[in-house]
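K.L.:
The lines below spell out each chain.
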Amino acid sequence: MSLISWGMYPRIKNRVHKLTDEYSLKETLKNNDELIAFGNGRSYGDSAINENIVYTRPYNYFLDFDENSGILHCRAGVLLSEILDSYVSRSWFLKVTPGTKLITVGGAIASDIHGKNHHIEGCFSECVQEFTIMIADGEIKTAKKGDELFLATCGGMGLTGVILTAKIALKKINSQFIRQTTIKTKNLQETFAAFEEYKHLSYSVAWIDCLAKDENLGKCLLMVGDFADDGDLKYKAKSKLNIPFNFPSFALNNWSVKAFNWLYYWKSPEGVSKQKVHFDSFFYPLDSIRNWNRIYGKNGFTQYQFILPKESSFDGLEHILQKISQSGKGSFLAVLKLYGKGNENYLSFPIEGYSLALDFKIEDGLFELLDQLDEIVVEYGGRIYLTKDVRVSQETFEKGYSKIETFKKYRKDNNMSEKFNSLQSKRLGL
Amino acid sequence: MSYILIVGAKSDIAKEVARVYAQNGYDLYLAARNSKELEDFANDLKVRSNNQVELLELDITAFNTHETFYNSLKERPLGVVVVSGYMNEQHLVEKDWNESLNTINVNYTGAVSLLNIVANDFENERNGFIVGVSSVAGDRGRKANYIYGSAKAAFSTYLSGLRNRLYESSVHVLTVKPGFVATKMTENLDLPEKLTAQSIDVAEDIFKAQQAGKNILYTKWIWQYVMLIIKHIPEFIFKKMSI
Ligand SMILES: Cc1cc2nc3c(=O)[nH]c(=O)nc-3n(C[C@H](O)[C@H](O)[C@H](O)COP(=O)(O)OP(=O)(O)OC[C@H]3O[C@@H](n4cnc5c(N)ncnc54)[C@H](O)[C@@H]3O)c2cc1C
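Protein sequences appear in the order of chains B and P.
Each residue of the first sequence is one higher than the one before, counting from 1 in our numbering.
Each residue of the second sequence is one higher than the one before, counting from 431 in our numbering.
Next up, chain B with everything else stripped away, as it sits in the complex (with noise of 0.2 angstroms):
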C-alpha cells in the first residue's frame, strides 16, 4: 500500500509504519534515516509525501474529556469529525475547523489550520493547551503554548515529530444550525465591501466565480453566520455509508467548470437572502461527495492558496483574477476569505488580508501559470500555503515566510533536519 494525497500527485512508492504505540514508533524512527508522519491525507500536496511514512491515523484513542472547561485530550489521529460525531450532542464544537471534518487532531496542529472564522478565532493552535510529540532521538516532550517547541511544530508541517497527543478546547454551541446570510455582489469593490461589512459575525467565505471578467472580475457568492440559539442538538452520526457514490471520474473540461460555477451562483436570489442550514453543509459541503477530488482525474490537481497583506489584497487580486480569466484555465472552487492577525509560529500560514485558493487540474503548461502568479504573490507581499502546494520554488516560498530561519536553525539544532523530511521539505531546503 502506497499513501498519496489528496491532490493524488505525485505519487511515489513508500513505506507505510502504523502508529499503534510508542514503543514501535520509537524503533521506528531508530531503523529509518527519514521519515514524516501523515494523517489521513487531505492536505492537497507533499508535505506529508515520502519514502517512509508514519501513518497516524490509527493511533484514535480519545483520552479524556472535562466537561467543565471543554477540554478534549485525545490522541493525534482522531478525526475532528469524530469530535464532532461524540460531542455535538452533548453541546460542543471546534473552536477552529477547516473546510473538511475528515482531517485529524494531528495534521490540524501540524498545518495550524484556520477555518472561517480566522478573523476572530485565529489558527487551530489557539485552541491547543498543549500536545506531546516524539522528537528525533525518541524522546517524547510535552509543548505548551510559547515554548519554541509549540512555535516550531504548530504550522511546522511535521518537520519537528511526530504529535502523539493533544489537549484542545472545545466551544459551547446551542444549536446544530447556523444562520446564514447570503450576499450576491457583481464585482471585487462590491464582495471587499462586504467582507467588511459583516465581519462581526463568526464565520464568513467566499465563493468567487474566477471565468467572470472585466466589470464583473470578483463577482461572489459571500456566505457569512453565525451558530443558532434553537437548543436542537439532536446531532447524529451520519452512518458512512449513506455516503452514496464515487464520482465518476470524467474529465474536467472549461465548459464543465463555466456551467458549474454559472449554476452555482445564479441559483441564489439577488443582493442579501437568509438561511438557516446545517452545520455540516455550512462547514463541510464537499464531505457528503466521497472521493470528490478523483473528479479531476488520474494526473490529479493541486490547490493553489495564497495571501496577501490586507493594503495590497485589493490590487493584488484584481491583478492575480484577471491573469486567472486570460489563462481560461478554470478553477471548479475558488474561495475567498477575510484573515484576523497573524500568530507567532515560524511556519503558519494566516497572516491579516485576504486569501484566495483555486483547484486546477494537473496538466501541461499549468505549473508555468503557476510561477507566474507566484511572481504576483510576491510582489504584492504575499506568501504560498504549505499544506496545499505541490511545486512551489525554495525562492518564492522564503520571500513570504520571515520567520524561516529561525525555523531551520531550530530544525537543525535538535537534530529534525535529518530525520523528518518531506518531498515538500527537500524541495524547499527546509
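Simulated from the structure, these hints should not be mistaken for laboratory data.
Note that beta-carbon positions come from the ideal geometry of N, C-alpha and C, so glycine has one too.
Among these hints, one or two may not hold up.
Examples of chain B residues lying across from chain P (beta carbon under 8 angstroms, computed) [unchecked claim]:
no., residue
1, Tyr61
2, Leu63
3, Asp85
Let chain B serve as the given structure and place chain P with the ligand on it in line with the hints.
P.N.:
Using the frame of chain B, we list chain P with the ligand on its own:
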C-alpha cells in the same frame, strides 16, 4: 441501561462493532482473554460515548467457566455478538493436532458452549438477539483453509438451527459472513481491493443488519454472489482448482 455483550472483543472487527454500538447509545460488556489489554480502548469508548463499558475476562475455550461467566453479569445483556475467531496458516494447522483442535474450539465448540447458555436465557425471557460472526470460508471447503472453514461451517449451521428454534420466542439470530477484511490477521496477505472490506464497514453492516432483523449478512455484499458461484462449481472440477 442496555448492555451488549461482545465476545472476542480484542479483534479489529469487534472493536469497531463496540464503537458502533456505543455510538448508538448502548452500554457494553467487552469479554476477552487478557482483557486488561483493552483498558485504553474501553476508556476511549467511555470518553466518546458517555456510556458504561465493562471489561470481562473470558476464555472461549474454557467451556466449564461459561455458566459462571454468564450468571455473574450484573445485568442481562440485550444482545450478544460473538466475534471470537482463530485462524492460523493451514500448513501449520494440518500438521499439528493442537492447532487443529484450537481452531475448532475457538471458532465452533466454544461459541456453542457459551451460546447454549445465552439462548436458554433469552428463550425464557422471550427477548434478546444473537449475532454470530462466521465466515464465507464456511460455505465451501478449500485446501487453503478447510479446517478453519469447516469449523465456521459448523458454526453457521449451528446459528441457522438456533434461529429456527428461537423464532417462536422472538429472539433474533443473525449470521454474519465476512469475506476478506483488512485486519491485523490479514495484514500481510495481498488481498484484492474490490473484495476487501474495512473493519469499520463490516461493523456498520452488522449493526444495520441486526437492527433490521436480517438473517444472513454477507459483507461486503458482493461475497454473496462470489460464494454463490463458488458453491456451484461441480465437485469434479472444484477438486482440481486452486482458489
Ligand atoms: C476539502 C478540503 C478543505 C480544506 N479546507 C481547509 C481550510 O479551510 N483551512 C485549512 O487550513 N486547511 C484546509 N484544508 C487542508 C487540511 O485541513 C490540511 O491539509 C490538514 O493538515 C490535513 O490533515 P490530515 O490529518 O489529513 O494530514 P495530512 O494531509 O496527512 O498531513 C498534513 C501535514 O500534517 C503533518 N502531520 C499529520 N499528522 C501529524 C502528526 N501526528 N505529527 C506531526 N505531523 C503530522 C504531515 O506531515 C503533513 O505535513 C482542506 C482540505 C480539504 C481536502
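K.L.:
Give me the numbers of the hints this structure contradicts, sorted from smallest to largest.
P.N.:
none
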